[in-house]
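Chemist: With the hints as your guide, set chain B onto chain Y.
These protein sequence lines are chains Y and B, in that order.
For the first sequence, the UniProt record's numbering begins at 1 and goes up steadily by one.
For the second sequence, the UniProt record's numbering begins at 1 and goes up steadily by one.
Just so you know, these hints were derived from the structure itself, not from any lab.
Bear in mind the structure is a predicted one, so any value in this text is a computation, not a measurement.
Just so you know, not all the hints are guaranteed correct.
Claimed, not checked - Calculated cross-link-like contacts (lysine-lysine; reagent style BS3-like; alpha-carbon spacing at most 25 Å):
| # | chain 1 | residue 1 | chain 2 | residue 2 |
| --- | --- | --- | --- | --- |
| 1 | Y | 120 | B | 158 |
| 2 | Y | 171 | Y | 158 |
| 3 | B | 192 | Y | 70 |
| 4 | Y | 66 | B | 116 |
| 5 | B | 120 | Y | 116 |
| 6 | Y | 192 | B | 66 |
| 7 | Y | 120 | B | 120 |
| 8 | Y | 116 | B | 66 |
| 9 | B | 192 | Y | 66 |
| 10 | Y | 158 | B | 120 |
| 11 | Y | 192 | B | 192 |
| 12 | Y | 192 | B | 116 |
Unchecked claim - Pairwise CB distance ranges (calculated):
| # | chain 1 | residue 1 | chain 2 | residue 2 | range |
| --- | --- | --- | --- | --- | --- |
| 13 | Y | 163 | B | 25 | 36 to 44 Å |
| 14 | Y | 7 | B | 71 | 31 to 39 Å |
| 15 | B | 71 | Y | 24 | 46 to 54 Å |
| 16 | B | 93 | Y | 94 | 23 to 31 Å |
| 17 | Y | 106 | B | 71 | 43 to 51 Å |
| 18 | Y | 33 | B | 94 | 26 to 34 Å |
| 19 | Y | 104 | B | 104 | 46 to 54 Å |
| 20 | B | 62 | Y | 105 | 34 to 42 Å |
| 21 | B | 199 | Y | 1 | 29 to 37 Å |
| 22 | Y | 24 | B | 11 | 54 to 62 Å |
| 23 | B | 90 | Y | 7 | 27 to 35 Å |
| 24 | B | 161 | Y | 4 | 44 to 52 Å |
Think of the CB as a built atom: it goes at the ideal place given N, C-alpha and C, for glycine as much as any other residue.
The residues making up each chain are set out below.
2 protein chains.
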Amino acid sequence: MIIRIVKDEGPITGEQIAERLNLTRATLRPDLAILTMSGFLDARPRVGYFYSGKTGNQLLGEHIRKLTVKDYKSVPVVCQEETSVYDAICTMFLEDVGTLFVVKEGGFLVGVISRKDLLKSSMGNQDLQTIPVGVIMTRMPNIVTCRLQESLLDAAGKLIYNQVDSLPVVKEGSGRDQLEIVGRITKTTITKAFVELGEGSSV
Amino acid sequence: MIIRIVKDEGPITGEQIAERLNLTRATLRPDLAILTMSGFLDARPRVGYFYSGKTGNQLLGEHIRKLTVKDYKSVPVVCQEETSVYDAICTMFLEDVGTLFVVKEGGFLVGVISRKDLLKSSMGNQDLQTIPVGVIMTRMPNIVTCRLQESLLDAAGKLIYNQVDSLPVVKEGSGRDQLEIVGRITKTTITKAFVELGEGSSV
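So that you can see chain Y by itself, here it is in the shape it has in the complex:
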């Protein structure tokens, strides 16, 4: 009944709802608290209650949308433009990652190399020890990045939409157009977050 009243007349104050139901405000308080906590109603100070219009599914989504890149990012594995393709492949195996980030002095992001890029270049009959990764990497500004404050959901959406396995987490550097790399978000990160949510142990 409360929901019906708020749906029809909202925004409406707690007092007014109580009046409609011939109850005191105090009697009604726990019910309003539950309906607000569970997300069916929204409350705004000095305005009153209004119907959120949210279904159970949407409420779950809200919980996920609160997770941020900052809390889930892992450490980026980097190399230089001059690193050979051969050494890059070795680093990838040693560090057990699927993507390397190419940086210049100061940790500024200049490129990205994926397992796919390395596989492609290793198929040609070239000497992998002499080709620098600078030749095969994806360069800025064609790199999809994310920020520390961004939601993990947005980062996951970028992974899917851009069909990449990994995003560098960047922040503004001191120079113009320079982005400092401070982390990475991968499909593994998202899969781990999914498992945590499923086990009810997320942040």
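Modeler: Relative to the frame of chain Y, chain B by itself:
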């Protein structure tokens, strides 16, 4: 107030709750429906309402645990044991997947090849056109698999725990110890499911 009553006296019927509150069962019905729908109360026929003791986090976990492999799997990309490493790499690029499943006649799973396996073998100075994938693939029974009825959460846990990018979805074949491959679950699958949950559009 309803939650307090159910907490203290549950399991308790709707009639009994209505009595405690000096309300009719009909007046109470919408409130009980909301509290049950949102997961704060559980209801069992012929027993009554009891307090679920669940937080929002636990409810999200419960929702995730209901998703199954069957509803999320994608089509597996396969090759034969005799396929050359060179052709396997080409198939991987053409189909844009990170893992190939090796099958014999009838679609029975005999092996798995990852981008990592192919990268490793392409680093040696061998002729990729003459090496069959049967030589470098991971063989049964060392392949981690999942089933159609399994929860997506369990499959995601296997991806993380076993540090693999992809799981074949299998079902029992006609022969002894033979598993037919009917799909695949990858970290991309899980990332997509995560995005769907966050957008409130999941199954």
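Chemist: Against the earlier hints, flag every one the structure doesn't satisfy and list their numbers going up.
Modeler: Per hint list: 1, 4, 8, 10, 13, 18, 20, 22 and 23 violated.
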